[in-house]
Each structure stands twice: as C-alpha cells, then as structure tokens.
Amino acid sequence: MLKKIIILVFVTCFACFKTVFAAESGGMPQLNPEFWISQIFWLIITFGILFIVLTKVILPKISDNLETRKSQILENIETADKQKEESQKKIDEYEKIILESKIKAKNYFNDAREKIIEDINKKRAALEKDLDEEISSTENELSEFKKSSGDKVTKIAAETSAELIKELIGEGVNSSSIAAIVEDQAKMNKERKDVI
Amino acid sequence: MASNPMYQFNVYRIGPEIKLGSVDISFTNASLFMVISSLAILIIFNLGAKKKTLIPDKLQLLSELSYSFVAKMISDTAGSKAKPYFSFIFSLFMFVLFCNMFGMIPYAFTVTSHIIVTFVLAAFIFIGVTVIGFMKHGLGYLKLFVPSGVPMVLLPLIVVIEIISYLSRPISLSVRLFANMMAGHTMMKVFGGFVISLGIVGGWLPLSFSVALTGLEILVAFLQAYVFAILTCIYLNDALNLHH
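Just so you know, the protein sequences line up as chains H and C, in that order. Position 125 of the first sequence, counted from 1, bears residue number 125 in our numbering, the numbering being contiguous throughout. Position 24 of the second sequence, counted from 1, bears residue number 24 in our numbering, the numbering being contiguous throughout.
For the record, the hints were derived by calculation from the structure and aren't laboratory data. We treat Cβ as the ideally placed atom computed from N, Cα and C, and that holds for glycine. Some hints could be false.
Distance windows between CB atoms, simulated [to be verified]: (1) I45/H with K51/C: 23 to 33 Å; (2) V23/C with G48/H: 25 to 35 Å; (3) G15/C with L74/H: 51 to 61 Å; (4) M152/C with I45/H: 44 to 54 Å; (5) L223/C with I77/H: 53 to 63 Å; (6) N76/H with S165/C: 44 to 54 Å.
Quick list of in silico lysine to aspartate or glutamate cross-link-like pairs, DMTMM-like style, CA-CA up to 25 Å [what the hints assert, rightly or not]: (7) K56/H with D57/C; (8) K70/H with D76/C; (9) K50/C with E78/H; (10) K50/C with D64/H; (11) K152/H with E163/H; (12) K104/H with D92/H; (13) K50/C with E67/H; (14) K52/C with D92/H; (15) K123/H with E134/H; (16) K83/C with E133/H; (17) K72/C with E139/H; (18) K70/H with E64/C; (19) K51/C with E139/H; (20) K61/H with E64/C; (21) K83/C with E67/H; (22) K52/C with E78/H; (23) K82/H with E67/H; (24) K19/C with E34/H; (25) K81/C with E67/H; (26) K129/H with D119/H; (27) K51/C with D64/H; (28) K61/H with E75/H; (29) K147/H with E183/H; (30) K81/C with E128/H; (31) K90/H with E100/H; (32) K56/H with E64/C; (33) K155/H with D184/H; (34) K104/H with D119/H; (35) K58/C with D64/H; (36) K193/H with E139/H; (37) K146/H with E191/H; (38) K147/H with E134/H; (39) K193/H with D151/H; (40) K190/H with E163/H.
Given these sequences and hints, build the entire structure.
If you want it as structure tokens, here you go:
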C-alpha cells in the first residue's frame with residue numbers, strides 16, 4: 001500500500017516536471033532556472049534594504065507624525081471644551097446679574113409707588129380732616145347763630161312794634177308788655193308752623 | 001518574436017555577468033525593477049515622512065493613509081499582538097504593490113509574475129510564521145492541526161488534511177500572486193496583438209477590451225498585493241493567537 005503510494009507520487013512528480021519543462025521550452029520563461037539564483041539574490045538584497053530602511057528610518061517618523069497630530073488634536077479639543085465651559089459660566093453669571101438687576105428695578109419701582117401712594121393718602125387724610133373741622137365749626141356757628149337769631153328777632157319785633165305803636169298812638173307804651181305780646185305772637189306763629 | 005505573449009516574462013542580463021563562486025547572480029531586468037520599486041517606495045515615503053506639519057500635504061497624506069491602512073488591516077486580522085511585525089508586513093505589501101504597479105507600465109517587467117520571486121517571499125513568510133508559532137507556543141503549536149470539537153473517528157483524517165493545508169500555504173500564496181500577474185499580462189499582450197493583426201478596421205474591439213483590461217489589471221495588481229499581505233496577517237494570527 002505504502003509502496004504503491006510512493007510510486008504514484010514519484011510518477012506524478014515526474015509527469016509534473018516533464019510537463020513543466022515542456023512548458024518552459026514551450027514559452028514559460030518563469031520556469032527557466034537560469035536566473036533563479038540571481039532573482040533570489042537581488043530580491044533578498046532589495047527587499048532587505050527596503051525593509052531595514054522602512055523599519056529604522058521612515059516608519060517611526062510617520063508614526064511619530066500621526067501620534068503628534070492625534071495628541072495635538074486631542075489637546076485642541078480639550079482647550080475648546082474648557083473655553084466652552086468658561087463661556088457657559090460667564091453666560092450664566094451674566095444672566096444672573098441681569099435677573100438680579102431686573103428684580104432690583106422692580107423693587108425700586110414698587111417702593112416708589114408705595115411711597116407715593118402713602119404720601120397721597122397722608123395728604124388726603126390731612127385735607128379731609130381740615131375740611132371736616134371747617135365744616136363742623138361752620139355748622140356750630142350756624143347753629144349758634146340760629147339759636148341767637150330767635151331772641152334777636154323777638155327783640156327787634158318788640159322794638160319795632162313799640163316804635164310803630166308810638167308813631168300810631170303818639171305815646172309810649174310799656175315796653176315789657178309789648179315784648180310779652182310779641183313773644184306770644186311769635187309762639188303762636190311757631191305753633192302754627194309746627195302744626196302745618 | 002515580440003508578438004509572443006510570453007516574451008515579456010523573459011529575464012535577461014543587464015551589464016556584465018557576475019559570478020559568486022559557480023552561481024550566476026548577474027544584474028537582470030528583474031533585478032532592475034526590484035531596485036526601481038524599492039527606490040520608489042523609499043523616495044515616496046521618505047518625502048511623505050519628512051515634513052511634520054499638522055495639516056499634511058499630498059505625499060504626507062499618502063504615506064500616512066497607507067500607514068494607517070496597513071495598521072488597521074493588521075489589527076483587524078491578527079490583533080494587537082502582531083504589532084512588532086507591522087514593519088515587515090508594511091514593507092511586504094508595499095513591495096508587492098509597487099512591483100505589480102510598475103509592471104502595468106508598458107514595456108516594464110513585472111517582478112511578481114515570476115514564480116521564484118513570489119515563492120521565495122511566501123516560503124520566507126511560511127518559515128517565519130512557523131518559527132514564531134513554535135517560539136510562542138512550543139510544541140503546543142502542533143495543536144493547530146487538531147481542531148477542537150471533532151469526533152475521534154474523524155480526527156486522523158482531519159489532522160492529515162490540516163497538515164496538508166498548512167504545508168500547501170506557501171505554494172498557494174506564491175502561485176496565487178504569480179498566476180494572477182502572469183495571466184493578466186499575457187491576456188493584455190494577446191489583446192494587444194489582436195489590435196495589430198486586425199488593423200484599423202477590426203482592431204477597435206480588442207482595443208476597447210485592452211483598455212478595460214488595463215483597468216482590471218490595475219485593480220488586480222492592488223488586490224493581489226492586499227491579498228498577499230492579508231493572508232500573511234492571517235497566518236501570523238494563527239501563530240500568535242492559537243485558537244483553533
């Protein structure tokens with residue numbers, strides 16, 4: 001079994017090589033081993049130099065560049081964030097100040113209004129008091145005058161009637177009796193008025 | 001002679017014959033394009049890394065973008081443990097990419113269209129990954145061939161399959177790149193030959209095909225470099241994080 005496999009492998013290998021070299025002679029320059037060693041040699045040299053120079057010189061530079069850019073961008077973003085925060089704080093402060101001043105202005109206005117209203121009320125109260133006093137004094141005067149006016153009227157009436165009688169009769173009549181009559185008459189008048 | 005589509009893959013000596021002992025290590029057109037690719041990489045990335053401005057210019061942007069592209073590729077596939085191998089994978093990716101791209105220039109030689117070049121790269125990766133695996137895990141690295149959760153009956157078969165698939169890694173890796181590049185360039189050459197042979201009357205169809213193929217080949221050139229690098233990352237991941 002094993003022998004058979006080995007023989008088979010050999011046969012296929014042989015067939016492959018035969019076809020390969022047939023292909024080479026038929027026009028596949030890749031299978032011409034003439035320059036294989038040379039190609040390997042130059043491949044190792046060029047690729048080796050490329051690999052070493054890239055590893056030692058160029059790639060560190062590129063990765064450095066990328067790193068610095070990354071860190072710089074991160075830094076910039078950080079500063080921008082910080083500045084944003086600060087400006088937000090400033091805006092908050094500003095708004096607070098505005099609010100406070102608004103409240104203050106309102107308070108001032110209210111105070112002033114209250115003061116004015118108080119002032120007005122005070123002045124009005126004083127004025128009303130004055131007016132009341134004036135009115136009451138006038139009323140007093142008036143009532144006094146009314147009281148005294150009745151006596152004066154009877155007196156004047158008595159005097160006038162005495163004078164009239166004197167003129168009519170030609171001689172004086174007892175003034176006290178005249179006064180009594182006038183008073184009676186006035187009373188009667190008053191009563192009549194009251195009845196009416 | 002020049003109409004042979006395989007003629008473009010011929011390697012010939014440039015300058016004198018150099019012999020090291022009995023082996024011929026002459027400078028050839030393949031060597032020339034290896035040197036050109038490496039120099040181009042070094043010049044471009046050196047210029048890109050030179051200036052340290054906060055806002056990058058075009059070359060700096062290019063170098064930084066490729067740096068982060070490869071870094072992301074490695075960290076996505078192999079994790080953070082693969083960081084020490086970043087510069088190797090970066091060099092590998094750039095070397096293959098630039099060799100492929102320089103091959104797209106008419107009359108240029110495609111270094112990666114030669115099996116020996118891709119095989120040496122793949123074999124180096126294979127040996128390196130195996131050494132790293134054994135250094136990290138000792139003989140425990142052999143657990144890679146014994147997947148967990150497989151019934152005991154199937155285990156011998158699975159182990160054999162795993163070993164074969166592991167050993168075929170360098171071949172598949174090298175042949176994938178080589179065959180892609182060779183096939184693409186051969187096809188372009190064939191269509192280019194059709195343009196000439198059909199002349200001004202019938203040559204327009206293969207010409208338009210040729211234009212489309214050029215675009216496709218540029219895509220393939222990038223894609224194969226990417227696949228080469230990402231497969232390296234995956235093999236490295238197997239060696240670094242043994243979880244099979």
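For each hint, the structure was consulted:
Between I45/H and K51/C the Cβ separation comes to about 30 Å, which falls inside the hinted range of 23 to 33 Å. Between V23/C and G48/H the C-beta distance comes to about 18 Å, which lies outside the given range of 25 to 35 Å. The beta-carbon spacing between G15/C and L74/H, approximately 54 Å, falls within the hinted interval of 51 to 61 Å. Look at M152/C against I45/H: about 51 Å separates their beta carbons, and that is inside 44 to 54 Å.
For the pair L223/C and I77/H, the beta carbons lie near 37 Å from each other, so the given range of 53 to 63 Å is not met. For N76/H paired with S165/C, a C-beta distance near 51 Å keeps the hint of 44 to 54 Å intact. Restraint check for K56/H and D57/C: satisfied, since their Cα atoms lie roughly 23 Å apart, inside the 25 Å limit. Taking the CA atoms of K70/H and D76/C, the gap is near 20 Å; set against the 25 Å cutoff, the hint holds.
The suggested pairing of K50/C with E78/H is violated, with an alpha-carbon distance near 28 Å, which exceeds 25 Å. A hinted pair counts as satisfied when its Cα atoms are at most 25 Å apart, and K50/C with D64/H qualifies at roughly 11 Å. Restraint check for K152/H and E163/H: satisfied, since their Cα atoms lie roughly 16 Å apart, inside the 25 Å limit. Only pairs whose Cα atoms come within 25 Å are accepted, and K104/H paired with D92/H is accepted, the gap being roughly 18 Å.
Restraint check for K50/C and E67/H: the C-alpha separation of about 15 Å stays at or below 25 Å, so the hint holds. As the CA atoms of K52/C and D92/H are separated by approximately 41 Å, the hinted pair breaks the 25 Å bound. Between the alpha carbons of K123/H and E134/H the distance comes to roughly 16 Å, so the proposed pair stays at or under 25 Å and holds. Between the alpha carbons of K83/C and E133/H the distance comes to roughly 110 Å, so the proposed pair goes past 25 Å and is violated.
Restraint check for K72/C and E139/H: not satisfied, since their Cα atoms lie roughly 113 Å apart, outside the 25 Å limit. A distance of roughly 12 Å separates the Cα atoms of K70/H and E64/C; the hinted pair therefore holds under the 25 Å criterion. Pair hint K51/C plus E139/H does not hold up; C-alpha atoms about 112 Å apart against a cutoff of 25 Å. Annotation: proposed proximity of K61/H to E64/C holds, straight-line Cα distance about 10 Å (limit 25 Å).
For the suggested pair K83/C and E67/H, the alpha carbons sit about 16 Å apart, so the restraint of at most 25 Å is met. The suggested pairing of K52/C with E78/H holds, with an alpha-carbon distance near 22 Å, which does not exceed 25 Å. The suggested pairing of K82/H with E67/H holds, with an alpha-carbon distance near 22 Å, which does not exceed 25 Å. Distance check on the hinted pair: K19/C and E34/H sit about 13 Å apart at the alpha-carbon level, within 25 Å; holds.
Of the pairs offered as hints, the one joining K81/C and E67/H holds, with about 20 Å between alpha carbons and a cut-off of 25 Å not exceeded. For a cut-off of 25 Å, the pair hint linking K129/H to D119/H stands: about 15 Å separates their Cα positions. Of the pairs offered as hints, the one joining K51/C and D64/H holds, with about 11 Å between alpha carbons and a cut-off of 25 Å not exceeded. Between K61/H and E75/H the alpha-carbon distance is near 21 Å, which keeps this suggested pair within the 25 Å criterion.
A threshold of 25 Å between alpha carbons decides the hint, and for K147/H with E183/H the separation of about 15 Å falls inside it, so the pair holds. Only pairs whose Cα atoms come within 25 Å are accepted, and K81/C paired with E128/H is rejected, the gap being roughly 102 Å. Of the pairs offered as hints, the one joining K90/H and E100/H holds, with about 15 Å between alpha carbons and a cut-off of 25 Å not exceeded. With a C-alpha separation of about 17 Å, the suggested pair K56/H and E64/C falls inside the 25 Å cut-off, and the hint holds.
Taking the CA atoms of K155/H and D184/H, the gap is about 13 Å. The hint holds against a cut of 25 Å. With a C-alpha separation of about 22 Å, the suggested pairing of K104/H with D119/H holds against the 25 Å cut-off. A distance of roughly 18 Å separates the Cα atoms of K58/C and D64/H; the hinted pair therefore holds under the 25 Å criterion. Between K193/H and E139/H the alpha-carbon distance is near 24 Å, which keeps this suggested pair within the 25 Å criterion.
Straight-line distance between C-alpha atoms of K146/H and E191/H comes to about 18 Å, which keeps the hinted pair within the 25 Å bound. Restraint check for K147/H and E134/H: satisfied, since their Cα atoms lie roughly 20 Å apart, inside the 25 Å limit. At most 25 Å may separate the alpha-carbon atoms for a hinted pair to count; K193/H and D151/H meet this at roughly 18 Å. Using a Cα cut-off of 25 Å, the hinted pair K190/H and E163/H holds, with the two alpha carbons roughly 24 Å apart.
Of the numbered hints listed earlier, those contradicted by the structure are 2, 5, 9, 14, 16, 17, 19 and 30.
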